[in-house]
Structures are given as C-alpha cells and as structure tokens.
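K.L.:
With chain D fixed as given, assemble chain S onto it according to the hints.
Protein chains: 2
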Amino acid sequence: MAAPIDFYFDFSSPYGYFAADRIDALAAKHGRTVTWRPVLLGAIFKVSGGQPLPSIPLKGPYSLRDIPRSAAYYGLPYRQPTRFPVATVSAVRAYYWAEALDPARAVTLAKAILTGYFQMDRDISDAKTIIAIGSEAGFESVAMEAGIGDPVVKDRVKRETDAAIVRGVFGSPYLIIDGEPFWGMDRFDQADRWLQTGGW
Amino acid sequence: MAAPIDFYFDFSSPYGYFAADRIDALAAKHGRTVTWRPVLLGAIFKVSGGQPLPSIPLKGPYSLRDIPRSAAYYGLPYRQPTRFPVATVSAVRAYYWAEALDPARAVTLAKAILTGYFQMDRDISDAKTIIAIGSEAGFESVAMEAGIGDPVVKDRVKRETDAAIVRGVFGSPYLIIDGEPFWGMDRFDQADRWLQTGGW
Numbered sequence: 079m080a081a082p083i084d085f086y087f088d089f090s091s092p093y094g095y096f097a098a099d100r101i102d103a104l105a106a107k108h109g110r111t112v113t114w115r116p117v118l119l120g121a122i123f124k125v126s127g128g129q130p131l132p133s134i135p136l137k138g139p140y141s142l143r144d145i146p147r148s149a150a151y152y153g154l155p156y157r158q159p160t161r162f163p164v165a166t167v168s169a170v171r172a173y174y175w176a177e178a179l180d181p182a183r184a185v186t187l188a189k190a191i192l193t194g195y196f197q198m199d200r201d202i203s204d205a206k207t208i209i210a211i212g213s214e215a216g217f218e219s220v221a222m223e224a225g226i227g228d229p230v231v232k233d234r235v236k237r238e239t240d241a242a243i244v245r246g247v248f249g250s251p252y253l254i255i256d257g258e259p260f261w262g263m264d265r266f267d268q269a270d271r272w273l274q275t276g277g278w
Numbered sequence: 079m080a081a082p083i084d085f086y087f088d089f090s091s092p093y094g095y096f097a098a099d100r101i102d103a104l105a106a107k108h109g110r111t112v113t114w115r116p117v118l119l120g121a122i123f124k125v126s127g128g129q130p131l132p133s134i135p136l137k138g139p140y141s142l143r144d145i146p147r148s149a150a151y152y153g154l155p156y157r158q159p160t161r162f163p164v165a166t167v168s169a170v171r172a173y174y175w176a177e178a179l180d181p182a183r184a185v186t187l188a189k190a191i192l193t194g195y196f197q198m199d200r201d202i203s204d205a206k207t208i209i210a211i212g213s214e215a216g217f218e219s220v221a222m223e224a225g226i227g228d229p230v231v232k233d234r235v236k237r238e239t240d241a242a243i244v245r246g247v248f249g250s251p252y253l254i255i256d257g258e259p260f261w262g263m264d265r266f267d268q269a270d271r272w273l274q275t276g277g278w
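These protein sequence lines are chains D and S, in that order.
The numbering of the first sequence is the numbering used here, which starts it at 79 and goes up by one.
The numbering of the second sequence is the numbering used here, which starts it at 79 and goes up by one.
If we strip away everything but chain D, and leave its shape as in the complex, we get (with noise of 0.2 Å):
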C-alpha cells in the first residue's frame, strides 16, 4: 500500500481552501489516501520570513484579482472574507480533536469550516463560531468545546506546526507525496504526473 499523501494548508488560505476541494479526488485517482495536516501559517511565517498575501506590496493587490479569478478558474464558489486573514488556531485545534476522534469526519469538518469562511463569510477566527459549524456537522459542541482548550490538543497542533518547518513547508497548500515537496495549488497537475510516472 502507497504511503498516505500529506496535505498540509491553512484555515485561511485561499489557495488551501481550492486544494481541499480536490486533494481527495487527486489521491484515489492514484490508489492514495490523503493525511490533511492543517497548520498555522502565521507561526511558519516567523520562520521563513513569510507574510500574509495582502500585506506585501505589488502582490497583495495581484492577489486580490488572483484568489477570484482562480476560484472562477476551478469553478468554485467564492466570497471574499470581510476580514482576511484570520487566525485560525481554534480552527485547527478543533481539527486535531476531531481527527483523534475520527479522521474521516475531521475532513468533514475541515471542509465546512472552510466553505463557512470563503464562501459564507463567517468568522472563524472566533471558536464559538467554529464550534457551530462542528455541531452542525454533527459534533457535540460542549466536547469539542473542551476539546479545543485540551493541552493535549494545543500541544498537537504545536507539534505538526514545528514538524511541517522541518519538513520545509512555508505556504498553503503543500504537498508531500513520497518526500517530493509541491507547493500550491497551480502544482497539482506535477503532484498529477509524478504520482503517475513515480518520479521526473
């Protein structure tokens, strides 16, 4: 059995948010399954000296035609954020809670929190709001609740931040198919050969 595809992004990015929508069809074209590894950005930023697309000069304004255009491009919904980024620590906090639960209806969960921020606008930065979109996709609000104030789940998301800055990833989405690293979205489509050819 092919070893799982890791699928590493974060709540608030854009481009993680089209690669969510295919990452899970791209593996099983390939007899793979995927491991989604949400993280936070802001924390990777401190180390490779990144910063969140609207804040840098000539690119942020490119980004802004970008993000829309490529969502028309992959013919997905999308609504510009009111507030854009956002932190999304209780996001990922509630994603490794559920995952230990089930990693299946963690995926589940991910994907709503993503469609409530880039196609509904809610703030997911505020864990009340991430805990109504886990009860609607059915989990119970009072655990996870006290799932994301667990320090063992803190800790979780700690440790598959730091391990994703030894692993090299610095934007979102990435990939890691087999230790070949693919940075974004617009790299699927290499992610698609090599999983293919197995290499170059």
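Just so you know, the hints here were simulated from the structure itself, not pulled from any lab data.
Take the hints with a grain of salt, since some may be wrong.
For chains that are exact copies, the list does not tell them apart, and a pair is met inside one copy or across any two.
Claimed, not checked - With a Cα cut of at most 27 Å, we get these calculated DSSO-like pairs of lysine-lysine: (1) Lys236 to Lys137; (2) Lys124 to Lys137; (3) Lys232 to Lys206; (4) Lys206 to Lys137.
P.N.:
Showing chain S alone in chain D's frame:
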C-alpha cells in the same frame, strides 16, 4: 487588431525562461502578438520587498527542486547555473538596444541569452558574454558594445522597469493581457482561458 500581450521577465529567472519558450505560441493561438519586456527584478524587489529565491528560508531549498522538476514537466533542457541569480543589466540593455533596431531579432537575442544561461551555464552578468551571444545571433559586436553603454538605452531600461512597477509587476514571468495581470508560468492556463473567453 487585439492589443499585444505584455510579457515581463527577468533574464535570471528560470520561470521566465520557461515562459519565454511558450509565450509566442500562446499568443499566436489567439491571434495576438507579444511585446517582450525584460526588466530588472532586483530594482522591482526594492519596492516590493521581494528577495531572490535562493536566499529565502524554506522556499529557497524548495525552489531548487521545483525548478528542474518544472523544466522536466515542460520538456525543456535545464542546467542550474553555477552563479544564480546574477545581475542582468547588460543583458537587458542589449535587448532594448536590439529592439530599437529590430524587435523580432531582439526576441531571438533574448532567447539566446536565456538558453546561454539556463542550458549552457554562460555568465550572462558579463557584458562580454552578452556581446558574444549577440555576435552568434548576428549582431555586430562593436555596435552592441556601444549600445550597452549608450545613455539612451540605459534610460530606456530604467523607464521600462519603472513602468513595470507602476503596472504592478513584482515577479517573473508576468503577463498583462488587456489590463489583466497573470503572474507565473503556472498562470499560462488561466491566461489561455482569458484569451479564449475575454474574461472570467
């Protein structure tokens, strides 16, 4: 007659080299022409805060995998230059000097410079190398040497780079099609659709 596509690139940019191989065909497919506009990305980075890829933590090491993989993906020969990136002011001046004589031959020169750097590891930061490449492409060496030192040509290079910044160019390659910007070789697919449909 539809407007030409503006094709901005830096002679030291691998992704610009990939794009240079395809831009004329992309334009021709849609009955367009291309205005080649080499610029000095270093000057642009002073405004945008951008940095040469190899010096960026995490992203730099990634790029050294992504560049040859992308070359293989596009079916282009690629050899990582010994010195990378390099100053390209002589190359850009030679280009605009040649363009004033004959735009089509200037494009031939541009392709020869890119091939010299990314296939043959020639030091294109050296004006002597540029003049040698120009000579191989049929340009008279004494005239080109004078052109590279001509204040009118120097001023043209400065104006082109300043104009690029005003138009939002922050990377290489960068296309502007009827006012719509496309950054990166990996946006050729969206540019293709844009040219087909005239919008989103």
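K.L.:
Take the hints in turn and mark each one as holding or not.
P.N.:
Here is how each hint holds up against the structure:
| no. | hint | verdict |
| --- | --- | --- |
| 1 | Lys236 to Lys137 | between (29 Å within a copy, 21 Å between copies) |
| 2 | Lys124 to Lys137 | both (19 Å within a copy, 13 Å between copies) |
| 3 | Lys232 to Lys206 | within (17 Å within a copy, 59 Å between copies) |
| 4 | Lys206 to Lys137 | neither (33 Å within a copy, 35 Å between copies) |
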